[in-house]
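Top line first, the protein sequences correspond to chains A and B. Under my numbering, think of the first position of the first sequence as 20, with each following residue one higher. Under my numbering, think of the first position of the second sequence as 20, with each following residue one higher.
Careful, some of the hints might be misleading.
Which copy is meant is left open, because identical chains are indistinguishable; a pair holds if it fits in one copy or across any two.
Pairs of lysine to aspartate or glutamate residues, derived as EDC-like cross-links and limited to a Cα-Cα distance of at most 20 angstroms, are as follows [unchecked claim]:
id : residue 1 : residue 2
1  : Lys204    : Glu169
2  : Lys248    : Glu68
3  : Lys64     : Asp219
4  : Lys204    : Asp278
5  : Lys192    : Glu49
6  : Lys248    : Asp46
7  : Lys248    : Asp199
If you are wondering where the hints come from, they were derived from the structure by calculation, not from laboratory data.
Each chain is listed here by its residues.
2 protein chains.
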Amino acid sequence: MQDASNNQSFNDGVRAYLMGLQTRIMDAVEALDAQGQVNSDVWQKAAHEPLQGSGVTKILEGGRIFERAGCGFSHVQGQSLPPSATQARPELVGASFDAMGVSLVFHPLNPYVPTVHMNVRMLSALTQDNTRVAWFGGGMDLTPYYGFREDAVHFHQTCREALSPFGEHLYPKFKSWCDDYFFLKHRQEARGIGGIFFDDFIEFGNEGSFAMLQAVGDAFLNAYMPIAKRRLSTPYGERERAHQLYRRGRYVEFNLVWDRGTHFGLQSGGRTESILLSMPPLVSWSYQHQDPVGSPERALLEDFLVPQNWLG
Amino acid sequence: MQDASNNQSFNDGVRAYLMGLQTRIMDAVEALDAQGQVNSDVWQKAAHEPLQGSGVTKILEGGRIFERAGCGFSHVQGQSLPPSATQARPELVGASFDAMGVSLVFHPLNPYVPTVHMNVRMLSALTQDNTRVAWFGGGMDLTPYYGFREDAVHFHQTCREALSPFGEHLYPKFKSWCDDYFFLKHRQEARGIGGIFFDDFIEFGNEGSFAMLQAVGDAFLNAYMPIAKRRLSTPYGERERAHQLYRRGRYVEFNLVWDRGTHFGLQSGGRTESILLSMPPLVSWSYQHQDPVGSPERALLEDFLVPQNWLG
């Protein structure tokens, strides 16, 4: 008997889930941000481009809550897996593939509301004897400008609970992976307070691994929205805003210098405006900036942007 | 008879020239910008770091003319040339080396004043039979937010005149090199209106090549200051400022994604705050931004940020 995941309907199911997730999340963003309107933009790669594919970009800019909240769905098809993907899998050399995913970054206006990133994706290929192999990747991570332990705990707790039905080994593994990945080596700073990250995931087969991916995607609104709602009315002034713009520079530095997806995407002819949805709307740099000892801005650096066990 | 450039005094002479150039340029910046004050910062690499070295950073932030104008001198010593530098020069495998240079980026406040970048540098090593080999590199390029043909012509004319005594072949070669280098492939846009760029230059021997480097460094103030002075009183409003902040995003994208020096420096443990002197003080991103047809903002893209022959 052939595994049901071999036929095209498996890919169709993943695609439908991802597009539904994008809609659910951006509907929730629009519902929260009374002032903002989410614009949808459907794009398609031109026939002469190396990868065929299409996508939907949903973005809210200049909102009351979100200064910029972008969420992209994309689905590209390739004629032949790149060598990097087949090095350990000779049976897949020359296989055509589908890559699809949802990726989001929200940059709130209020500096007390953290920036958040989430990504869920699948790479899927058929071997020559018609067996489908699917790898899953993604995760979510939180980048506060002012640190609150209860927010970090809530975010990590929600991630752990989402993964728990699939095995208690997953959260610690994906949590460490996230700490390692979202680290600015040139600053020796974590990008934020972490979360979970995984790649090339295949442990539970196609169906089981996809179920885990869904659990991660479905947990996003529960992980982030309560934190956003708790902080969005906190009063702030020029000092907090300046701190937020300065710290956003770290986000830019990480994404353009270290993030493999962003860097590779830009260098290999990906869709620039979709890749750079993650950029903050407004950012500042200044030389040798130092936060005063004892300030909450300094506490962010010393107490929060250091990888640690948030769940005690 | 041994070439005079074999002894240490050749390196000392280059070092003295570079430090003097940095001072001359930043004195001129301070003289122009009545409100700003140039701060000097002397730094030294800690003994445990892989490269030994020191430098002087001069920077003006929040000026009346320059929102951020940084100029760095650095001089590092290495125990052994990296393989990339000795691939075509087996006689230098294992040679110790000196690398020194001056690099600047000025980000003016008024959007009618262009951003400018200049760099002059030398890599110098001794072969086992005590022959000094020195390679020179650098150049300068201009990035306007509003295009003025006369500014582009003046900048290129000054570059050509600086190189002319060393041979009429140099300007066309270095001009094309600059166009090729400062190009954002992911946007299919030039970073600016170009200028000159060269690397691994050794054509006139140590002394002669250094003389050419000096001609380039010495030409900088003549190339840029008349343009800055001509534009700094042009009135502007929110529209021009928004355009400038948006275009500065391209500067960030180029430097963090494509510029080999910046990218390699950050990934290999260079001094982050010195490397990122080039970052603009304030930058914005927005999705699918389009300048109206017929606007001066659109003309920048269509008529100026396209490599072309400025000297007719």
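Do the hints match the structure? See the list:
1. In this assembly of identical chains, lysine 204 and glutamate 169 lie within 20 angstroms of each other by CA distance neither inside one copy nor across copies; the values are 27 angstroms within and 43 angstroms between.
2. Taking the shortest Cα distances, lysine 248 and glutamate 68 never come within 20 angstroms of each other, neither inside one copy (42 angstroms) nor across copies (45 angstroms).
3. Within a single copy, lysine 64 and aspartate 219 get their C-alpha atoms no closer than 26 angstroms, and across copies no closer than 39 angstroms, so neither meets the 20 angstroms cut-off.
4. Taking identical chains as interchangeable, the C-alpha atoms of lysine 204 and aspartate 278 lie at most 20 angstroms apart whether they share a chain (12 angstroms) or sit on different chains (18 angstroms).
5. Proximity of lysine 192 and glutamate 49 under a CA criterion of 20 angstroms is satisfied in neither setting, with 34 angstroms inside one chain copy and 54 angstroms between copies.
6. For the homomeric pair lysine 248 and aspartate 46, the shortest alpha-carbon distance inside one copy (15 angstroms) is at most 20 angstroms, but the shortest distance between copies (51 angstroms) is not.
7. Taking the shortest alpha-carbon separations for lysine 248 and aspartate 199, neither the intra-copy value of 29 angstroms nor the inter-copy value of 48 angstroms comes in at or below 20 angstroms.
Going through the hint list in order, the structure does not satisfy hints 1, 2, 3, 5 and 7.
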